[in-house]
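Visitor: Residue-level listing of the chains:
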Amino acid sequence: MSRERAPPRVLLYVSSLIALLLSAVPLPSFLDFLRPDFLLLVVVWFALAAPRAGGLAFAFFAGLVLDAFQGVVLGEHSFAFVAIAYLVHRFYLRIRMFPLGHQTLTVMSLLFFYQFILFWIDGVTGHPVTDWARWIPVLTGTIVWPILVGVLSRFLVRS
Amino acid sequence: MAVLRDSGVRPPVPRFSALGLKAMVLAAVSVAIMVVDYRQQHLQVIRSALTSAVYPLQLIVHSPIAAWQRWQASMASRDSLLAENAGLKETVQKDEIRLLRLVAAERENQRLRALLGAAPRIAERVAMAGIMRIELDAFRQRVLIDKGSRDQVFKGQAVIDAYGVVGQVTNVGPVSAEVILLSDNAHSIPVQVSRNDLRTIATGSGDPRRLSLNYLPRAADIKVDDVLLSSGLGGVFPAGYPVGRVVEVRRDPSQPLLSISIEPYAHLDRDQEVLLVWFDKPTAPPAPPEVAKPATSKRHGPAAAGTDAPADATAKPDTPAKSAPAAPAAPGTKPPTAPANGAPAASPARTGTGATP
Chain A
1 MSRERAPPRV LLYVSSLIAL LLSAVPLPSF LDFLRPDFLL LVVVWFALAA PRAGGLAFAF
61 FAGLVLDAFQ GVVLGEHSFA FVAIAYLVHR FYLRIRMFPL GHQTLTVMSL LFFYQFILFW
121 IDGVTGHPVT DWARWIPVLT GTIVWPILVG VLSRFLVRS
Chain B
160 MAVLRDSGVR PPVPRFSALG LKAMVLAAVS VAIMVVDYRQ QHLQVIRSAL TSAVYPLQLI
220 VHSPIAAWQR WQASMASRDS LLAENAGLKE TVQKDEIRLL RLVAAERENQ RLRALLGAAP
280 RIAERVAMAG IMRIELDAFR QRVLIDKGSR DQVFKGQAVI DAYGVVGQVT NVGPVSAEVI
340 LLSDNAHSIP VQVSRNDLRT IATGSGDPRR LSLNYLPRAA DIKVDDVLLS SGLGGVFPAG
400 YPVGRVVEVR RDPSQPLLSI SIEPYAHLDR DQEVLLVWFD KPTAPPAPPE VAKPATSKRH
460 GPAAAGTDAP ADATAKPDTP AKSAPAAPAA PGTKPPTAPA NGAPAASPAR TGTGATP
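Respectively, the protein sequence lines represent chains A and B. Counting in this note's numbering, the first sequence runs from 1 upward without gaps. Counting in this note's numbering, the second sequence runs from 160 upward without gaps.
Calculated from the structure, these hints are not laboratory results. Mixed in with the good hints, there may be bad ones.
Stated by the list, open to error - Some chain A residues flagged as far from chain B (calculated, every beta-carbon gap over 10 Å):
id, residue
1, 17
2, 101
3, 102
4, 129
Said to hold, decoys possible - One side only, chain A facing chain B, incomplete, derived with CB under 10 Å:
id, residue
5, 27
6, 63
7, 68
8, 69
9, 74
10, 82
11, 95
The C-beta atom is built at its ideal place from N, Cα and C for all residues, glycine as well.
So here's chain B without its partners, still in its complex pose (with noise of 0.2 Å):
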């Protein structure tokens, strides 16, 4: 490579001892890069200049798919239009209505959480972003979005869509990012089971359809349609959102632990823009009463069957309106399991980040 002339002549004496070295010393240099790059954040300069390079090349790709949509949604019908409209505003009357209903039970949510002593809900800002039409690799559950940096885009913050978590970002360019999705097999996000607080990590599987929960023992409380809802310890994701739907339990005699697979309610396959979270990291609460707090209202709990109901409502103030249909269901199954479950997994869960990695 050092000689590049445009004649053809071969060289006459054949270059095998410099071709090794000169392999050996590019082998190295890799090698190297890779360790900084993997155990340190050093090349973070270079990673995002070196991004930056090729986003022309990624925006090459993207573009013609994106414009055959533009053009195919542009060239949709009047009637497809129409009947789609109609829908929407259907969709947006309804939500309404939910949300309606929504700001009432947070209002008294907040109230109940001054009375008994918790911080007060984590404000949140949300970004849309675009999924860029781009391959990164088959066998990574990996996406590009079309912010970056130049946008407030961090490495490590969260990413959902409309129907659940879908990610956290992993690598920021100036004009982009790229996000690893939940279903990545590198990827696990601490969850818990909205019925009964029961904490456990989600790991990905490398099918988008797919998570498994693999460190859950034969004991444990939970079965098929339980929902998870991410718990926010780690401090990546914000707690209470909707992670996914338990679809298959497996109880094998011969193994300590279950196997659980878990659907992802986001639509990590199908996704066009996703949304960027911006939350504030919840700050350590003081520990003293908050450890208290909750043990008396446990020990309320069971004395008055009335009572647990609500006991349990305030527990998990963070979850969505999707649970409002399963909170019924829980007096009924929750007398075994609040001695065994619930009372250990509330009271960690409200003194912080501690008790799990």
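Here chain A stands alone, though its shape is the one from the complex (with noise of 0.2 Å):
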């Protein structure tokens, strides 16, 4: 992972574009719950490894664009990447350093982390979607992991 070239802003703004688009291209129902959320892993990418262009600002942003587009409470998804954003921003050094491996295991807490925000607002405004299949989000998204990553790095090292 490149860390000496902050990557061209228009980067962000594509892979987010298409993370966003990703996550409404519809599939067969049997598919559609394996989906990983992956404007949230673009976001944790930034932050992992462009900080200033991906900031928590960009997370907020990225997360109300999120509830409008989903149709959800607003401030749902903008509140959960802030804080996954802040944890990554908070260790960004440190992970940055993990070995994929170890880096993908710290993705996975942190899409928990952030399933787990989704389900408490979730119950907190009364539409608790009390379904197992919605933890599985965290394990397709730990798949994507390292696929994201060399992708984007490759991009960011190529511009």
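Got two chains here, separate frames each, mind docking them using the hints?
Guide: Here you go:
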């Protein structure tokens, strides 16, 4: 992971746009709950690889757009995104040093925490989703993370 | 984020304190937005603006899939189109005949209602809307439609399809609106059993093929294949639209309430188009004569067994043609149920929305 070159903000916008679109592409219903939280993964990656470009405000607005996109109560995803982005920013120097496997496990715990925040807000706002399948995106997100790191790092180095 | 320099040099001093403060502020803002959005309607403007801002993105997702479907349709073979056309013509003819019968029934219904002094049937207007091929949330039963406030769509509007009730509008943008389906587990619809006017509430289960009735006591008169219609209480849904069919009734002796599964008639997971319904909210009819009338007609009912069935038919005037086959079954089961459920259920239904929230 290159860390001496701040990525152009173009990469930030393009990748979050693609992540947002991927979060809305219709899938067959049996595949639907496997969908990882692409936008959160992108936010986490930028917080790790380019903490200046992908700051907390970026996380906040990304979450707000996702709220509007999904039509849930405004502020739900932005709160969760800010919380996760804060953790990553707080420890980014350490997490960056982790070997990829170790880093992936860290991301997995972050994803779990993220789902827990959403679960909690859903419960408070009176729309609890108590299906066990809601935790599956944690696993699929963990699987997608190394791929995302590979792809985004490649673009970062080239540009 | 305040500093967006393109040099990659790390700050000499870790920005932890500022970071924590910023996170606190943003989290507090998020919570404030959530509270305001959840408790009040002040954010309607912002939400509407955000909705229209993300609409182009949603179009980006939707259009390739829609284009693919259009292309597939335009590539359909001549033979299959001809066959489809013939089938549709046949259906239209059958429907025309059914409709003719229905017109006569409706006229009769109006006359009978006039005799009863009941409020006339509610005028309705519908408009078609397409469902956008967009996945909003895997664990919520919600869809996006391509009509918005520009087409007079409003929040809380009822949405139906050719088979039954689909759901209601929850968010309205300028050119799009979000619809919560009956099967969302945060959604409930007031219904009544067409056979005996037993009223209850059908709640979504998260599965597009299932609804559930959770509030009926064990002694309630309901059985498999009973048809549920929207009761119109609450004023969101027009009365008398088919909602679903009872597929399972579980009587657990240890539980005070029944657990009942409903299969919705609407094709919640397959629809491409839906209908938006505008109807005038039923105004509260003058109360005293309304309460008296059904009571007397009920008293006449059991006296002569032959008049029971017609009396029953007038009690549920908004029933569509679907319940016509169910009517002959009613007299057989009527004597035991009429004193228990029929009479109390029928009279409050006439008085309006006061009885049930």
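Visitor: It remains to establish, for every hint, whether it holds in the given structure.
Guide: Hints, one by one, checked against the model:
Distance check on residue 17 (chain A): its Cβ comes as close as 7 Å (rounded) to a Cβ of chain B, failing to clear the 10 Å threshold; non-interface status is violated. Distance to chain B confirms residue 101 (chain A) as a non-interface residue, since its nearest Cβ pair spans about 25 Å, more than 10 Å. No beta-carbon of chain B comes within 10 Å of the beta-carbon of residue 102 (chain A); the shortest separation is about 22 Å. Here residue 129 (chain A) does not stay apart from chain B, with its beta-carbon only about 4 Å from theirs, under the 10 Å limit.
Hint status for residue 27 (chain A) relative to chain B: holds, with the closest Cβ pair at about 7 Å, below 10 Å. Nearest Cβ of chain B to the Cβ of residue 63 (chain A): about 7 Å, under the 10 Å cut. The hint holds. The interface hint given for residue 68 (chain A) holds, since its Cβ lies 4 Å from the closest Cβ of chain B, which is under the 10 Å cut-off. Taking 10 Å as the C-beta contact cut-off toward chain B, the hint placing residue 69 (chain A) at the interface holds, the least distance being around 5 Å.
Among the interface hints, the one on residue 74 (chain A) holds; its C-beta lies about 4 Å from the nearest C-beta in chain B, closer than the 10 Å criterion. Because the smallest distance between the Cβ of residue 82 (chain A) and any Cβ of chain B comes to about 5 Å, under 10 Å, the interface hint for this residue holds. The interface hint given for residue 95 (chain A) is violated, since its Cβ lies 15 Å from the closest Cβ of chain B, which is over the 10 Å cut-off.
In terms of the numbered hints stated before, the structure departs from hints 1, 4 and 11, listed from lowest to highest.
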